[in-house]
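*Asks:* With the hints as extra help, turn the sequences into a complete structure.
Now for the letters of each chain:
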Amino acid sequence: MADTPADLYRTTRLIRRFEERAVELVHKGVIVGGIHPYIGQEAIAAGVCAALRPTDIITSTHRGHGHVLAKGADPAKMLAELAGRSTGLNKGRGGSMHAADFSLGIFGANAIVGANGAITVGAAWAARRKAGGNGENTVGVSFFGDGAVSQGVLLEAMNLAALWKVPVLFVCENNGYATTLTVEDAVAGTITGRGAAFGMPATTVDGMDPQAVLDAAREAVDRARAGNGPSLIECLTYRYDAHHTWEHKARVRYRDNDEVAQARNTDPVEIQAARISPVERAEIDARIETVLDEAVAFAVSSPHPDPAGALDYLYATGMRARSGGGW
Amino acid sequence: MPRLSYQKALNRALTDELARDPDVFVLGEDIRVAVSNVTAGLFDKFGPERVLDTPLSEQAFTSFATGAALAGMRPVIEFQIPSLLFLVFEQIANQAHKFSLMTGGQCTVPVTYLVPGSGSRTGWAGQHSDHPYSLYAHVGVKTVLPATPTDAYGLLVTAIRDDDPVVVFAPAGALAVREDVDYADLQPVPLGVGRVHRAGTDVTVVALGHLVHDALAVAEEMARDASIEVFDPRTVYPFDWDGLIASVSKTGRLVVIDDSNRTSGMAGEIIATVAEQCQLTAPPARVTRPDGAVLPFALDLDRAVQPSRAQLVTAIQGVMKDG
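Residue numbers (our numbering), protein chains in the order written: chain A, 1 to 327; chain B, 1 to 323.
No lab work stands behind these hints: they were computed from the structure.
All values derive from a computational prediction rather than experimental measurement.
In this text, a Cβ means the ideal position worked out from N, Cα and C, and glycines have one as well.
Don't take each hint at face value.
[What the hints assert, rightly or not] Pair by pair, the computed Cβ-Cβ distance ranges are:
1. R320(A) <-> S264(B): 19 to 27 Å
2. R275(A) <-> V33(B): 53 to 61 Å
3. G152(A) <-> R3(B): 53 to 61 Å
4. D300(B) <-> A188(A): 41 to 49 Å
5. W241(B) <-> G318(A): 53 to 61 Å
6. A272(B) <-> G193(A): 49 to 57 Å
7. T290(A) <-> S264(B): 28 to 36 Å
8. G193(A) <-> D185(B): 24 to 32 Å
9. A308(A) <-> E90(B): 29 to 37 Å
10. I245(B) <-> P303(A): 54 to 62 Å
[Claimed, not checked] Distance condition first, Cα-Cα at most 30 Å in a straight line; then the derived DSSO-like pairs of lysine-lysine:
11. K130(A) <-> K165(A)
12. K45(B) <-> K8(B)
13. K321(B) <-> K130(A)
14. K45(B) <-> K165(A)
*Replies:* Next comes the structure, spelled out in structure tokens:
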């Protein structure tokens with residue numbers, strides 16, 4: 001568990017700079033299809049993952065780069081995945097919204113809002129029961145946004161988790177908007193009320209503060225590991241950048257510039273930076289730039305996958321699908 | 001020799017796999033008391049950790065199974081009603097099925113979805129009478145449709161052992177079928193290997209699921225007029241194209257009887273593939289549910305939209321007339 005103030009700063013800063021580099025690569029056309037930038041929300045991934053063990057399991061969302069990096073994925077392989085290269089985490093088959101590294105307990109980002117909750121509950125349940133395995137104390141974390149709390153399947157998943165005391169954290173990143181729809185226009189009652197309805201502890205924390213998130217996550221993780229079941233943590237946060245990089249061209253208007261500027265005054269990177277020495281910060285920053293320079297170089301110099309293998313991995317058994325082009 | 005019922009065959013397959021592999025577990029609605037009969041005795045034998053009664057949360061427990069499979073287990077879900085396969089289409093087609101490719105082969109999702117009683121159950125009306133195997137074949141989920149108790153046993157065992165998601169449709173119309181079987185002869189049946197139930201030389205009738213039994217009855221009735229080969233693909237996806245082409249290459253005529261709606265149903269795919277690869281003596285024919293069919297409640301109406309033996313006879317006579 002890397003959970004010192006310097007660790008939290010390093011992860012927060014890494015995600016920030018990774019995302020800024022990724023946005024540049026979108027604009028340059030290296031990353032096709034765009035991304036959902038995590039900029040502004042870094043404290044949540046950093047704080048929660050600092051409370052986890054390598055064997056713990058996470059699932060993520062369309063805005064998932066932060067979680068995947070915070071759980072330990074190699075930034076170079078991650079960036080190569082975003083660029084659709086065969087050296088990527090998923091060999092270029094998943095892209096931004098599906099990055100996964102099962103060797104690190106990263107059971108994938110998921111592009112359907114709210115879909116990952118039940119998958120996490122099943123994975124955490126199984127890890128605990130897996131015959132002959134060492135998953136006795138494994139904890140699962142499902143990250144999702146405020147939009148997901150309107151998805152029935154997520155609420156069903158909370159019910160299952162509470163009912164069967166599955167060691168899971170439901171981490172809601174409430175950034176105020178489901179794409180363009182405000183929480184006020186989408187959520188009746190409260191987000192924590194949904195957790196409370198299933199009899200699980202549900203708390204709201206400052207999602208801009210990595211340490212506050214870590215403290216809340218640690219309590220929930222301890223509870224889950226001890227066999228006392230799931231918790232819900234609502235992290236109040238703000239997305240600085242677009243819902244998706246298409247907004248950089250489309251100019252969809254749903255929040256005014258003042259609101260964004262105001263929110264940027266509360267910066268998780270700066271909040272955590274204030275907890276370490278300037279010298280330490282400079283060292284970490286320099287190291288991150290080196291790592292990311294190498295990551296970008298690795299991604300752009302990596303080969304594109306061979307189209308002949310477009311349906312490789314479609315079936316785990318290696319079964320081949322019929323071709324679509326004549327016979 | 002003991003008489004093996006279709007339901008008992010499914011029950012035996014579940015029992016054997018639960019006993020053989022500690023990673024196998026079964027979940028679903030009302031399965032402890034075995035409302036469908038298929039899970040009878042499993043709860044007493046294997047306990048609550050391996051036989052899980054779920055709340056009525058089909059979408060969540062379907063993805064719960066995906067998660068458990070990603071973590072190394074082999075869940076088998078029983079769905080009480082075939083139309084629930086529409087409700088969980090996202091969880092199977094868009095989640096479980098896509099994990100292997102999207103992760104570049106990092107994981108497997110060995111989940112079996114068992115639908116004991118698919119198709120019309122006689123009197124259960126519009127929302128309990130679908131038979132959506134063509135839909136699952138279309139998206140590329142492995143889909144099996146056993147017609148007999150021995151194939152039900154063998155294909156369910158194979159489905160559970162397969163590393164991909166597999167849907168097992170046990171047709172309501174086949175659940176009453178019994179077979180004289182020596183239990184020692186029960187064995188896994190590979191996916192994608194069809195079975196010729198009756199050999200013939202004039203026309204190949206491809207029959208899916210319970211309609212195999214109708215096709216065999218019709219073939220017997222018409223035996224004096226035509227030598228009919230009855231081909232049962234057993235697995236609709238992957239399909240035994242080689243087996244089918246071998247049969248049609250011999251007979252030169254093709255009729256398909258398929259309990260799917262007509263548009264984009266398996267019958268259309270079977271005829272298209274044969275047309276691409278074989279020189280037919282006569283234009284092929286298919287007997288299906290009508291386009292867009294919703295099964296009406298009243299029994300005569302229910303029967304009116306299901307493929308019938310009379311329609312099959314007419315279709316066979318039609319293809320025999322030509323050429």
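*Asks:* For the pair we were handed, K45(B) and K165(A), check the Cα-Cα distance against 30 Å.
*Replies:* Status holds; Cα separation ~24 Å.
*Asks:* Keeping to a limit of 30 Å between CA atoms, is the pair of K130(A) and K165(A) held or broken?
*Replies:* holds (16 Å)
*Asks:* For the hint 53 to 61 Å, verify it against the beta carbon of G152(A) and that of R3(B).
*Replies:* About 44 Å separates the Cβ atoms of G152(A) and R3(B), which means 53 to 61 Å is violated.
*Asks:* Going straight from one Cα to the other, do K321(B) and K130(A) come out at no more than 30 Å?
*Replies:* Violated, at about 61 Å.
*Asks:* I want to verify a distance hint. Is the separation of the beta carbons of D300(B) and A188(A) within 41 to 49 Å?
*Replies:* The hint (41 to 49 Å, Cβ to Cβ) holds, given that D300(B) and A188(A) are roughly 47 Å apart.
*Asks:* Taking 53 to 61 Å as the stated bounds, is the beta-carbon spacing between R275(A) and V33(B) within them?
*Replies:* holds (58 Å)
*Asks:* Just tell me: holds or violated, for the beta carbon distance of A308(A) and E90(B) against 29 to 37 Å?
*Replies:* About 30 Å separates the Cβ atoms of A308(A) and E90(B), which means 29 to 37 Å holds.
*Asks:* With 19 to 27 Å as the target window, see if R320(A) and S264(B) comply at their CB atoms.
*Replies:* holds (22 Å)
*Asks:* 53 to 61 Å was suggested as the range; check whether the CB atoms of W241(B) and G318(A) agree with it.
*Replies:* violated (18 Å)
*Asks:* When you take the CB atoms of A272(B) and G193(A), is the distance between them in 49 to 57 Å?
*Replies:* holds (53 Å)
*Asks:* CA of K45(B) to CA of K8(B), is that 30 Å or under?
*Replies:* Holds, because 16 Å separates the two Cα atoms, which is no more than 30 Å.
*Asks:* With respect to the beta-carbon atoms only, verify the hint that T290(A) and S264(B) lie 28 to 36 Å apart.
*Replies:* violated (54 Å)
When the structure is compared with the earlier hints, violations turn up for hints 3, 5, 7, 8, 10 and 13 and for no others.
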